[in-house]
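**Student:** So the chains spell out like this:
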Amino acid sequence: MSEERTIPADPAVEEGEFWDLRLYVAGQTPKSVAALANLKKFCEDHLQGRYRIEVVDLVKNPQLARTDQILAIPTLVRRLPAPIRKIIGDLSNSERVLVGLDLQPRS
Amino acid sequence: MPIEQLRARLQEAEDILRAIKYGEVDALVVNERRGDRVYTLKKPDRTYRLMIEEMAQGAVTLTIDGIILYCNGGFARMLKSPIHLLEGSPLHSRVSPGSRDLVDALLRQDGPAQGEAELLACDGSRMPVYLSVNPLPLEDEPEPVLCMVVTDLTEQKRSEELRRAWAAAEATNAAKDQFLATLSHELRTPLTPVLAMLSSLESREQIPDALRDEIAMMRRNIELEARLIDDLLDLTRISRGKLELQRGDVDLRQVLEHAVQTSCGEEIAAGRLNVVADFAAGHRLWADAPRLTQVFWNLLNNAVKFTPEGGTISVRSWTDSTGWLAIEVADTGIGIDPDFLSRIFDAFDQGEPDVTRRFGGLGLGLAISKTIVEMHGGSLSARSDGMGRGSAFRVSLPLTPVPQGAVLPAGEPRGPEDGSDRRLCILLVEDHTDTAAAMAELLRELGHEIVVAGSVAEGLAKAAASQEDGGSGIDLVLSDLGLPDGSGLDLMRELSSRYGLKGVALSGYGMEEDLRRSREAGFERHLTKPINFQSLQAVLREIAQR
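Order-wise, the sequence lines are chains A and B. FYI, the working numbering numbers position 98 of the first sequence as 98, with every residue one higher than the one before it. FYI, the working numbering numbers position 292 of the second sequence as 292, with every residue one higher than the one before it.
No lab work stands behind these hints: they were computed from the structure. Heads up, a few of these hints could be off.
To be clear about the criterion: a stretch of chain B counts as covered by chain A if any three or more of its residues have a C-beta under 8 Å from a C-beta of chain A, and this derived list gives those stretches [unchecked claim]:
#, segment
1, 6-19
2, 24-37
3, 259-266
Result set (DSS-like, lysine-lysine): computed pairs, CA atoms no more than 27 Å apart in a straight line [as the list claims (entries may be wrong)]:
#, chain 1, residue 1, chain 2, residue 2
4, B, 42, A, 60
5, A, 41, B, 43
6, B, 43, A, 60
7, B, 42, B, 80
We put the CB at the ideal spot given by N, CA and C, even for glycine.
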């Protein structure tokens with residue numbers, strides 16, 4: 001919860017929730033690189049100013065896979081807002097990402 | 001909530017299958033007895049590998065004994081060799097013999113090390129390189145491994161060389177300029193007292209006519225000598241692009257009359273040559289009068305030199321059909337060989353060696369004249385019907401209007417008719433004893449009071465003494481620039497700020513840069529040695545009138 005206080009004061013942030021995302025990658029495999037690029041773009045489009053991405057390289061630290069019970073790589077984990085959600089794959093299908101993250105337009 | 005959990009697990013399994021089916025994942029985590037391991041479809045370090053393979057620098061891994069374990073394409077290109085011949089071979093054999101000790105030292109370092117070396121390619125060519133060696137932190141390797149990045153320095157070395165060559169050339173040029181300035185100073189200095197003395201003797205009434213002619217001959221020859229030195233200097237200025245025009249409002253007719261008088265006056269008086277002059281009036285232009293005078297002097301002196309006794313020199317000026325000013329100097333002299341006509345404006349060329357022997361001179365005048373005319377936007381051409389049939393030189397000048405508000409005369413020596421002489425107290429600073437004595441005598445004859453000093457210190461002391469005496473003090477400083485204990489420029493700055501004195505610089509250094517510096521130091525005029533006594537007199541008269 002402490003991360004919430006570290007983000008800059010931005011009107012959008014006050015309105016919406018804060019997004020804490022963790023992307024599990026395997027070094028620089030093509031899908032890992034693609035997933036990070038897709039995620040970056042997705043966040044800028046939909047969550048500007050209210051997200052944080054943590055990249056975990058399982059080639060360097062395989063034991064970290066246990067934390068979120070990761071099997072396939074790349075996998076994105078939405079840690080906040082609750083509940084935890086997982087999206088498996090390189091995030092190339094943005095519609096699936098929207099659904100998977102439960103980020104439907106709220107209007 | 002086991003049902004909920006089970007459903008979530010099933011959902012995730014479905015997702016993984018779908019992602020694998022669509023090729024969205026390329027790595028899996030597998031639980032093994034030794035712990036989790038990641039299996040990847042493609043190598044996880046592919047990007048790094050590509051970067052190393054494709055980079056322009058050479059990348060090499062080595063054993064500490066200098067055996068090449070791996071190298072990239074960049075390194076192979078530098079050595080003009082296929083990679084497989086390089087891997088496994090000693091680095092030692094790939095550097096030029098002069099670099100081997102340095103490379104050995106780099107490999108023996110414990111930590112990171114850098115240095116410049118020379119690679120030896122398979123075809124024998126050499127390449128200057130920068131080597132950066134680092135030990136690789138590989139815990140699982142039994143032997144330490146070094147990595148080395150190799151940067152091609154060819155371009156850098158080349159531009160460095162160019163820069164160095166350029167700097168050297170600059171220094172040489174500066175040294176040459178300095179040498180020429182010094183040479184001209186040294187050549188002119190001894191002429192000054194002689195010329196001053198002769199001018200003075202020539203004008204004395206009690207001198208017998210026969211002796212006066214001989215004195216005049218001596219003076220002419222010394223003036224000729226001075227002009228040769230000037231020509232050499234001018235040519236150097238031209239070749240360095242350092243000749244500058246000091247433009248002013250010029251009456252062309254006055255310039256021509258002055259040039260004819262100076263160059264042909266004696267021939268006319270002696271009845272040796274006929275001179276026909278016909279100048280159009282009202283030709284005013286924005287030009288450098290002394291430089292234009294120099295052009296006509298050159299043309300007229302050549303005409304006099306190459307025309308036998310009894311011949312005719314004609315000088316005309318008119319406005320030509322295109323509205324330009326045309327000036328022609330024609331003679332009935334020895335003429336110009338048609339083969340030589342095209343080279344006549346080249347420096348040092350006077351045609352046949354025989355001509356040089358008979359007539360003397362360096363053959364610089366025409367080259368200099370042509371440049372001066374062209375700097376004025378005009379042209380200088382020559383024609384001749386052949387040997388023995390005379391020649392004609394024509395100067396064409398565009399009519400450059402005098403700028404609005406410019407009324408400065410272009411520094412022509414004034415005639416003796418303008419103004420009365422006032423007695424001046426002059427501080428003459430000159431370290432060349434003969435020159436100082438001759439000039440002091442001449443100036444005293446003109447009625448001025450002269451205080452002589454031979455150095456900066458003496459100049460300052462005498463000026464101070466003269467101011468403190470309660471007398472009228474010094475009216476004018478005439479100072480040489482190269483003094484034994486300093487520069488006349490410093491002296492002038494001091495005298496000008498202490499007592500508000502005016503000054504005229506007398507210098508053997510006549511380059512444009514010297515003139516500028518003497519103006520900045522506070523000298524109102526800069527006269528170049530040997531001093532033309534008429535010019536000095538004109539300057540003194542001008543100052544006396546204020």
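**Student:** Among the hints numbered above, which are violated by the structure, and what are their numbers in rising order?
**Tutor:** Checked against the structure, the hints that fail are numbers 3 and 7, while the rest are satisfied.
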